[in-house]
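Asker: Chain by chain, the residues run as shown.
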Amino acid sequence: MKALGKRLSRVGAYCRRNPKLVSGVSIILTLVLFWLIGSLLLSPTRAQPISGLPDQPPSLRYLLGTDSNGRELLAVMVVGTGLTLRIGILAGAIGLGIGIILGFISGYYGGLLDTVIKGIVDVLLTVPPLAVLVVIAAVITRAMTLDSMIVIVASLSWMLPTRTIRAQVLTMRERAYIQVARLSGMNSLEVIVKELMPNLLPYLAASFVGATAASILACIGLEALGLGPQSLPTLGMTIFWSISFSAMLRNMWWWWLPPIIIIAILFVGLFLLTAGLDEIANPRLRRRM
Amino acid sequence: MKADILQVRNLRVYYQTSLGPLKAVDGVTLSLKPGERFGLVGESGSGKSTLALALMRLTKPPGYIEGGQVLLDGLDLIKVSENEIRKVRLAQIALVPQGAMSSLNPVMRIKDQIIDGIKDHLKKMPGSALEERMHELLAKVELKPEMANMFPHELSGGMKQRVCLAIAISLSPRVIIADEPTSALDVVVQRQVMLTLGQVQESLGVSILLVGHDMGLMAQFVERIGVLYAGKLAEVGSVREVFKESLHPYTRLLIACPPSLEEKGEFKGIPGLPPLLLNPPSGCVFHPRCPQTTSRCSVKIPSLKEVYPGRWVACHLYTEVKR
Amino acid sequence: MTALLEACNVTKVFSSGGFFKRKETVALENVSLSIKESSPSITGVVGETGSGKTTLARLLLGFIAPTEGEVLYKGRDLQKMSRDERLEFQREVQVIFQDPFEVYNPFYKVDHVLTTPVAKFHLARSKTQGRKLIEHALQAIGLQPEETLGRYPHQLSGGQRQRIMVARASLLKPRIILADEPVSMVDASLRATILENLRKLNQKFGISLLYITHDLTTAYQISDNIIVLYQGSVVEVGDIELVIKNPQHPYTQLLVASIPVPDPDRSWGQDSTPVLVSKTSTKLNRGCKFVDRCPFAMPVCRENPPPFFQTDGYRAVRCYLYKDASVIAGNAIGKDVGPKR
Numbered sequence: 001m002k003a004l005g006k007r008l009s010r011v012g013a014y015c016r017r018n019p020k021l022v023s024g025v026s027i028i029l030t031l032v033l034f035w036l037i038g039s040l041l042l043s044p045t046r047a048q049p050i051s052g053l054p055d056q057p058p059s060l061r062y063l064l065g066t067d068s069n070g071r072e073l074l075a076v077m078v079v080g081t082g083l084t085l086r087i088g089i090l091a092g093a094i095g096l097g098i099g100i101i102l103g104f105i106s107g108y109y110g111g112l113l114d115t116v117i118k119g120i121v122d123v124l125l126t127v128p129p130l131a132v133l134v135v136i137a138a139v140i141t142r143a144m145t146l147d148s149m150i151v152i153v154a155s156l157s158w159m160l161p162t163r164t165i166r167a168q169v170l171t172m173r174e175r176a177y178i179q180v181a182r183l184s185g186m187n188s189l190e191v192i193v194k195e196l197m198p199n200l201l202p203y204l205a206a207s208f209v210g211a212t213a214a215s216i217l218a219c220i221g222l223e224a225l226g227l228g229p230q231s232l233p234t235l236g237m238t239i240f241w242s243i244s245f246s247a248m249l250r251n252m253w254w255w256w257l258p259p260i261i262i263i264a265i266l267f268v269g270l271f272l273l274t275a276g277l278d279e280i281a282n283p284r285l286r287r288r289m
Numbered sequence: 290m291k292a293d294i295l296q297v298r299n300l301r302v303y304y305q306t307s308l309g310p311l312k313a314v315d316g317v318t319l320s321l322k323p324g325e326r327f328g329l330v331g332e333s334g335s336g337k338s339t340l341a342l343a344l345m346r347l348t349k350p351p352g353y354i355e356g357g358q359v360l361l362d363g364l365d366l367i368k369v370s371e372n373e374i375r376k377v378r379l380a381q382i383a384l385v386p387q388g389a390m391s392s393l394n395p396v397m398r399i400k401d402q403i404i405d406g407i408k409d410h411l412k413k414m415p416g417s418a419l420e421e422r423m424h425e426l427l428a429k430v431e432l433k434p435e436m437a438n439m440f441p442h443e444l445s446g447g448m449k450q451r452v453c454l455a456i457a458i459s460l461s462p463r464v465i466i467a468d469e470p471t472s473a474l475d476v477v478v479q480r481q482v483m484l485t486l487g488q489v490q491e492s493l494g495v496s497i498l499l500v501g502h503d504m505g506l507m508a509q510f511v512e513r514i515g516v517l518y519a520g521k522l523a524e525v526g527s528v529r530e531v532f533k534e535s536l537h538p539y540t541r542l543l544i545a546c547p548p549s550l551e552e553k554g555e556f557k558g559i560p561g562l563p564p565l566l567l568n569p570p571s572g573c574v575f576h577p578r579c580p581q582t583t584s585r586c587s588v589k590i591p592s593l594k595e596v597y598p599g600r601w602v603a604c605h606l607y608t609e610v611k612r
Numbered sequence: 613m614t615a616l617l618e619a620c621n622v623t624k625v626f627s628s629g630g631f632f633k634r635k636e637t638v639a640l641e642n643v644s645l646s647i648k649e650s651s652p653s654i655t656g657v658v659g660e661t662g663s664g665k666t667t668l669a670r671l672l673l674g675f676i677a678p679t680e681g682e683v684l685y686k687g688r689d690l691q692k693m694s695r696d697e698r699l700e701f702q703r704e705v706q707v708i709f710q711d712p713f714e715v716y717n718p719f720y721k722v723d724h725v726l727t728t729p730v731a732k733f734h735l736a737r738s739k740t741q742g743r744k745l746i747e748h749a750l751q752a753i754g755l756q757p758e759e760t761l762g763r764y765p766h767q768l769s770g771g772q773r774q775r776i777m778v779a780r781a782s783l784l785k786p787r788i789i790l791a792d793e794p795v796s797m798v799d800a801s802l803r804a805t806i807l808e809n810l811r812k813l814n815q816k817f818g819i820s821l822l823y824i825t826h827d828l829t830t831a832y833q834i835s836d837n838i839i840v841l842y843q844g845s846v847v848e849v850g851d852i853e854l855v856i857k858n859p860q861h862p863y864t865q866l867l868v869a870s871i872p873v874p875d876p877d878r879s880w881g882q883d884s885t886p887v888l889v890s891k892t893s894t895k896l897n898r899g900c901k902f903v904d905r906c907p908f909a910m911p912v913c914r915e916n917p918p919p920f921f922q923t924d925g926y927r928a929v930r931c932y933l934y935k936d937a938s939v940i941a942g943n944a945i946g947k948d949v950g951p952k953r
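Protein chains in written order, with our numbering: chain W, 1 to 289; chain P, 290 to 612; chain Z, 613 to 953.
Worth flagging that the hints you see were computed from the coordinates, not collected in a lab. Glycine residues also receive a C-beta, built at the ideal position from the N, C-alpha and C atoms. One should not assume that every hint holds.
Footprint (simulated), chain Z over chain P, 3 or more residues, beta carbon under 8 Å [as the list claims (entries may be wrong)]:
hint : segment
1    : 501–508
2    : 542–553
3    : 557–564
Pairwise CB distance ranges, derived in the manner of DEER restraints [unchecked claim]:
hint : chain 1 : residue 1 : chain 2 : residue 2 : range
4    : P       : Ala-292   : Z       : Pro-907   : 42 to 48 Å
5    : Z       : Val-912   : W       : Glu-174   : 40 to 46 Å
6    : P       : Tyr-597   : Z       : Pro-917   : 54 to 60 Å
No farther apart than 20 Å at their CA atoms in a straight line, the calculated lysine to aspartate or glutamate pairs in the DMTMM-like style are these [said to hold, decoys possible]:
hint : chain 1 : residue 1 : chain 2 : residue 2
7    : P       : Lys-533   : Z       : Asp-877
8    : P       : Lys-557   : Z       : Glu-793
9    : P       : Lys-557   : Z       : Glu-808
10   : Z       : Lys-857   : P       : Glu-552
11   : P       : Lys-557   : Z       : Asp-827
12   : P       : Lys-553   : Z       : Asp-827
13   : P       : Lys-376   : P       : Asp-365
14   : P       : Lys-553   : Z       : Asp-836
15   : Z       : Lys-721   : W       : Glu-190
16   : P       : Lys-533   : Z       : Asp-875
17   : Z       : Lys-857   : P       : Glu-555
18   : P       : Lys-400   : P       : Glu-435
19   : Z       : Lys-785   : Z       : Glu-747
20   : Z       : Lys-732   : W       : Glu-190
21   : P       : Lys-553   : Z       : Glu-853
22   : Z       : Lys-812   : P       : Glu-552
23   : W       : Lys-194   : Z       : Glu-714
24   : P       : Lys-557   : Z       : Asp-799
25   : Z       : Lys-648   : Z       : Glu-682
26   : P       : Lys-433   : Z       : Asp-904
27   : P       : Lys-553   : Z       : Asp-875
28   : Z       : Lys-816   : P       : Glu-555
Bound conformation, chain W alone:
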């Protein structure tokens, strides 16, 4: 029990030293709570069209008003936040997963495999992702679902994690403790999993946050152009509908402002989180000597 208390106090002391990490995590957690508690208190059907009177400004009945299709915007924000987070995390996870596998293989084994993977990554990185996404999305507009959007976005977000992980593996591969591990009888896979990966956790976390942020941004971009899943009240689609229905000209600030604020808060949180993880990852700040 005492060991746990000691561990917690060490974590607490670290948190005090790394305010960026703490604030980043707090912001993201706040949004998650907003979604969770909101889902409990409001029924998600209220985010569907014709669940309330259209074009209503905020009142006691409709706390954030309604849009021209009768969606209650508070419910839309709750559902939309949840959807956006889900997209980001899933696409980020897929991108990172591919990145880990390819990055470790490429970095550790080297040779022809490395040259091939590196070549593909470098070529694909020159492709403008948003343009490709727009083209793909425009082709399948009718059939676009949330999951297909996740897959499409993830397919163009794995390259950067692969590259950063490969670079890290290359620097760590020649470390003396890797040689000691090999001399102690470990085979290559064990070395990757047991020796390299634990030391790369901060980089993996930072890559994950980066991939998540990029995915969310790509999705919002697609949705705002109208290329997202038409029937889902995501944050990006809300922006799209607000533009299509000229909400700005009609002074319906409760329609276009809330999604923008939530997106801004989300990105500030992600940014602080990345900066905080960066501090952990930087070895000079990490060494406790």
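Fit chains P and Z to the known structure of chain W by using the hints.
Answerer: Relative to chain W, chains P and Z alone:
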């Protein structure tokens, strides 16, 4: 009797940590005469590099100078303004820092790096005069003139170290502090560089404070030596006296450590571990490892006392000489 | 007499550079070394930067393959070993690296570096037995298990970490321990224990030692015989007392003269060796590599590299100054030239 060119009085340099101040240098007092070679010897953790940086007031946070004086020809370097100390650095007191070779700018030619420092201090000096001075300096450190146009990566370790030396003497300072100038060099090159350093010292009449851990190097180069342990001076005296008749038990053990080329024998070390500076032992900081410890040693911290003229030791085994 | 580990006329050339401008560096040229099976010995390999001693260590461990020549363990070429032979080799030849911090994975406690070989080489049948084995090894080195196990690397001193590495090396009861600058990054006062530990491993457990260093004095104290490397070639080899007390090769003489003796009355003396102009080694020189710094250089020194002249029953020098002595082939050195005992 010539006046001391450098006087360090009760210098204290601490590091700020979450567990309290770490006393890296805790009350060091020493003096340097003009043209003298003084060696400061200590192992890792003794505080010697911290001391070298502090003398130039280059201590960076979390380190800070807690107190004491560093008098260069009467001027207290600790108390002067930032502008003043910058004028003094390189012109009056120069540092050849540890790992100086890696601190050379890799994209600047040698001649530009040497001229850089001079230009900063003597702003009015015309280009031709600077070039001439630069060539003079290269010759002084026994480097060929064609090296002026080379880049650092084209030079070997020994040569890079000579370039750092040339930079250090470029304004003919009164004191040069050399912090482990040869630690990364091979033993053959080390001897060459140290011999060059000796020649430079003799021709310029500059005082040298050599900071290091190699007792052999000290014996070959310096005239007076100070032994540093855990931030405090254990013993000071002429190098011959300290080697032939060391007073402090730590000094004796330190001199016995390096193996000899004369005959094979048992390896000698110092038992125990270096002290934790955050939680040092009570009384004399060496007493847990001392073969001659007494009951007094764990209670009272011994102060540095002059037991013979010119011989100082911080140990309860000796009493102060009555003058 | 079979050799346990031997290098036969090994040459290693590193090529770098791109497609058009390939630069070739000869790290080692025609080096032979032999560690006998019958009597455990301590061989010192002394060389400065650029001598190729690190390359030699990596070749002997099988990390890299020689460009010419071969490295054999119990008669089998390292590069051609089967997986089982490889495991046997890894168990019987252990290493101690120079940096006592880099060898530890900062994520794990120091125990990790001891438990891994126990597990991988099946040294114990249960966890408790393994633990006991580790504790014994630590105690044999003079470390207290309670004070060292369960700690992270940064919580221990450099000397302690290096001693744990020695304990690790002894765990597997190897035949040979290759120590690559084991004490150069450790304080002078802590070196003694580590070197004594190594000596005891040799005397008590019959483990042969290959002690690679640039520090001639510790090499003298611990080794029985010595190999002096200069820019990738062996210049002098033989019994340690002969080579150190009466160095014959001009480079060995320079090396011995350059060591700062901790005695103010015995001075270094002046140095007559010219300072080299730049780092680029004499590529065009087809003869002895030391010729530009040698005070005794003769015309023949520039034409061909000198062969080994056996000037003594227990020593050989590669220098034309001794051309009157009988020539001995490079790879015969290990077999015929060795310590006096």
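Asker: Each of the hints needs a verdict: does it hold here or not?
Answerer: These are the hints, each one checked on the structure:
1. With a cut-off of 8 Å between beta carbons, the segment 501–508 of chain P has 7 residues touching chain Z; three or more are needed, and the interface restraint holds.
2. Counting residues of the segment 542–553 of chain P whose C-beta lies closer than 8 Å to any C-beta of chain Z gives 9; at least three are required, and the coverage claim holds.
3. A stretch counts as covered by a chain when three or more of its residues have a beta carbon under 8 Å from one of that chain; for the segment 557–564 of chain P and chain Z the count is 5, and the coverage holds.
4. Between Ala-292 (chain P) and Pro-907 (chain Z) the beta carbons are some 45 Å apart, a value that agrees with the proposed interval 42 to 48 Å.
5. At about 42 Å, the beta-carbon gap between Val-912 (chain Z) and Glu-174 (chain W) stays in the expected band of 40 to 46 Å.
6. Checked against the hint of 54 to 60 Å, the pair Tyr-597 (chain P) and Pro-917 (chain Z) passes, with Cβ atoms roughly 58 Å apart.
7. At roughly 10 Å between alpha-carbon atoms, Lys-533 (chain P) and Asp-877 (chain Z) fall within 20 Å of each other, so this suggested pair holds.
8. Only pairs whose Cα atoms come within 20 Å are accepted, and Lys-557 (chain P) paired with Glu-793 (chain Z) is accepted, the gap being roughly 18 Å.
9. Restraint check for Lys-557 (chain P) and Glu-808 (chain Z): the C-alpha separation of about 9 Å stays at or below 20 Å, so the hint holds.
10. The suggested pairing of Lys-857 (chain Z) with Glu-552 (chain P) holds, with an alpha-carbon distance near 10 Å, which does not exceed 20 Å.
11. Of the pairs offered as hints, the one joining Lys-557 (chain P) and Asp-827 (chain Z) holds, with about 16 Å between alpha carbons and a cut-off of 20 Å not exceeded.
12. Between Lys-553 (chain P) and Asp-827 (chain Z) the CA atoms are separated by roughly 15 Å; this keeps the pair inside 20 Å, and the hint holds.
13. Between Lys-376 (chain P) and Asp-365 (chain P), the direct Cα distance comes to roughly 13 Å. Compliance with the 20 Å bound is thereby established for this hinted pair.
14. At most 20 Å may separate the alpha-carbon atoms for a hinted pair to count; Lys-553 (chain P) and Asp-836 (chain Z) meet this at roughly 11 Å.
15. For a cut-off of 20 Å, the pair hint linking Lys-721 (chain Z) to Glu-190 (chain W) stands: about 18 Å separates their Cα positions.
16. For a cut-off of 20 Å, the pair hint linking Lys-533 (chain P) to Asp-875 (chain Z) stands: about 8 Å separates their Cα positions.
17. The straight-line distance between the Cα atoms of Lys-857 (chain Z) and Glu-555 (chain P) is roughly 19 Å, inside the 20 Å bound, and the hint therefore holds.
18. A hinted pair counts as satisfied when its Cα atoms are at most 20 Å apart, and Lys-400 (chain P) with Glu-435 (chain P) qualifies at roughly 10 Å.
19. A C-alpha spacing of about 15 Å is found between Lys-785 (chain Z) and Glu-747 (chain Z), which places the hinted pair at or below 20 Å, so the restraint holds.
20. Between Lys-732 (chain Z) and Glu-190 (chain W) the alpha-carbon distance is near 11 Å, which keeps this suggested pair within the 20 Å criterion.
21. Simply put, Lys-553 (chain P) and Glu-853 (chain Z) have alpha-carbon atoms about 9 Å apart, close enough for the 20 Å limit, and the pair holds.
22. Between Lys-812 (chain Z) and Glu-552 (chain P), the direct Cα distance comes to roughly 19 Å. Compliance with the 20 Å bound is thereby established for this hinted pair.
23. The straight-line distance between the Cα atoms of Lys-194 (chain W) and Glu-714 (chain Z) is roughly 16 Å, inside the 20 Å bound, and the hint therefore holds.
24. For the given pair, Lys-557 (chain P) sits about 12 Å from Asp-799 (chain Z) by alpha-carbon distance, which is consistent with the 20 Å threshold.
25. Under the criterion of a C-alpha separation no larger than 20 Å, the hint pairing Lys-648 (chain Z) with Glu-682 (chain Z) is consistent with the structure, at around 17 Å.
26. With a CA separation close to 16 Å, the supplied pair Lys-433 (chain P) and Asp-904 (chain Z) stays within the 20 Å bound.
27. Between Lys-553 (chain P) and Asp-875 (chain Z) the alpha-carbon distance is near 17 Å, which keeps this suggested pair within the 20 Å criterion.
28. With a C-alpha separation of about 16 Å, the suggested pair Lys-816 (chain Z) and Glu-555 (chain P) falls inside the 20 Å cut-off, and the hint holds.
Going through the hint list in order, the structure satisfies each hint without exception.
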